[in-house]
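Peer 1: Sequence:
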Amino acid sequence: MTKIFHVTLTQGRADTFYIEANTKSDVLTFLSSVSTAVISNIKEVVFSKEYDINYIPQTIENNTSHKSVKAIALSKTYSKIFEFFNIKDSVTNQDIIKQLKQLMIFNEPIIDIASITFYK
Numbered sequence: 000m001t002k003i004f005h006v007t008l009t010q011g012r013a014d015t016f017y018i019e020a021n022t023k024s025d026v027l028t029f030l031s032s033v034s035t036a037v038i039s040n041i042k043e044v045v046f047s048k049e050y051d052i053n054y055i056p057q058t059i060e061n062n063t064s065h066k067s068v069k070a071i072a073l074s075k076t077y078s079k080i081f082e083f084f085n086i087k088d089s090v091t092n093q094d095i096i097k098q099l100k101q102l103m104i105f106n107e108p109i110i111d112i113a114s115i116t117f118y119k
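Letter by letter, the sequence shown follows residues 0 to 119 of numbering that gives the first Met the number 0.
Among the clues, some could well be false.
[Claimed, not checked] When the alpha-carbon atoms are kept at most 27 angstroms apart in a straight line, the in silico DSS-like pairs for lysine-lysine are as follows:
| id | residue 1 | residue 2 |
| --- | --- | --- |
| 1 | 66 | 48 |
| 2 | 79 | 69 |
| 3 | 2 | 23 |
| 4 | 75 | 48 |
| 5 | 23 | 48 |
| 6 | 79 | 100 |
| 7 | 66 | 97 |
[As the list claims (entries may be wrong)] Have a look at the derived ranges for each label pair, beta carbon to beta carbon:
| id | residue 1 | residue 2 | range |
| --- | --- | --- | --- |
| 8 | 96 | 27 | 21 to 29 angstroms |
| 9 | 82 | 14 | 23 to 31 angstroms |
| 10 | 49 | 28 | 24 to 32 angstroms |
| 11 | 71 | 32 | 39 to 47 angstroms |
| 12 | 57 | 25 | 31 to 39 angstroms |
| 13 | 49 | 90 | 26 to 34 angstroms |
Hints are computed from structural coordinates only; laboratory data are not their basis.
Note that the Cβ used here is the ideal one computed from N, Cα and C, for glycine as well.
Start from the sequences, fold in the hints, and give me the full structure.
Peer 2: See below:
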């Protein structure tokens, strides 16, 4: 089964497009042989509504939700502000803390959350 890759090429400007191939190395080989541009990124698309990759249609509920949530996360040497939109009303600070601690900041695990703010 072929895969879809998101590619960015740069040569004075950045051009992005999607290409279908079996492997990343196939994409790299093809682009290296036909393009003078620098290959900046090749990313495999693992979820896409447009290309129907692992997409499960969901009905949109017309209930109230938080417009956004901002959280300041800390790793050993870095901090980062995460902003998420359309957060369910049932989500609590503890839910966000638990989920954020599974992520990383510049390849360092998140060890603490300094602040979480919900916006309606």
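Peer 1: Does 39 to 47 angstroms hold as the CB distance between residue 71 and residue 32, or does it fail?
Peer 2: At 46 angstroms between Cβs, range holds.
Peer 1: Take a quick look at whether residue 2 and residue 23 sit within 27 angstroms of each other, Cα to Cα.
Peer 2: Holds, because 9 angstroms separates the two Cα atoms, which is no more than 27 angstroms.
Peer 1: Next pair to validate is residue 79 with residue 100; report whether the Cα-Cα distance is within 27 angstroms.
Peer 2: holds (12 angstroms)
Peer 1: For the pair we were handed, residue 66 and residue 97, check the Cα-Cα distance against 27 angstroms.
Peer 2: With Cα atoms ~20 angstroms apart, residue 66 and residue 97 stay inside 27 angstroms; holds.
Peer 1: Does the Cβ distance between residue 49 and residue 28 fall inside 24 to 32 angstroms?
Peer 2: holds (26 angstroms)
Peer 1: Taking 27 angstroms as the top limit, are the C-alpha atoms of residue 79 and residue 69 close enough?
Peer 2: Since the Cα atoms of residue 79 and residue 69 sit roughly 10 angstroms apart, the hinted pair holds (cutoff 27 angstroms).
Peer 1: Are the Cα positions of residue 66 and residue 48 separated by 27 angstroms at most?
Peer 2: holds (22 angstroms)
Peer 1: Using the C-beta atoms of residue 96 and residue 27, is the stated range 21 to 29 angstroms upheld?
Peer 2: About 39 angstroms separates the Cβ atoms of residue 96 and residue 27, which means 21 to 29 angstroms is violated.
Peer 1: Is the gap between the beta carbons of residue 57 and residue 25 within 31 to 39 angstroms?
Peer 2: For residue 25 against residue 57, whose Cβ atoms are near 33 angstroms apart, the range 31 to 39 angstroms holds.
Peer 1: Check the following: the C-beta atoms of residue 49 and residue 90 are separated by a distance inside 26 to 34 angstroms.
Peer 2: holds (27 angstroms)
Peer 1: Residue 23 and residue 48 were given as a pair; does the straight-line alpha-carbon distance stay at or below 27 angstroms?
Peer 2: holds (21 angstroms)
Peer 1: So does residue 82 sit 23 to 31 angstroms from residue 14, Cβ to Cβ?
Peer 2: At roughly 28 angstroms between Cβ atoms, residue 14 and residue 82 fall inside 23 to 31 angstroms, so the hint holds.
Figure legend: structure checked against the earlier numbered hints; hints not met, in rising order: 4 and 8.
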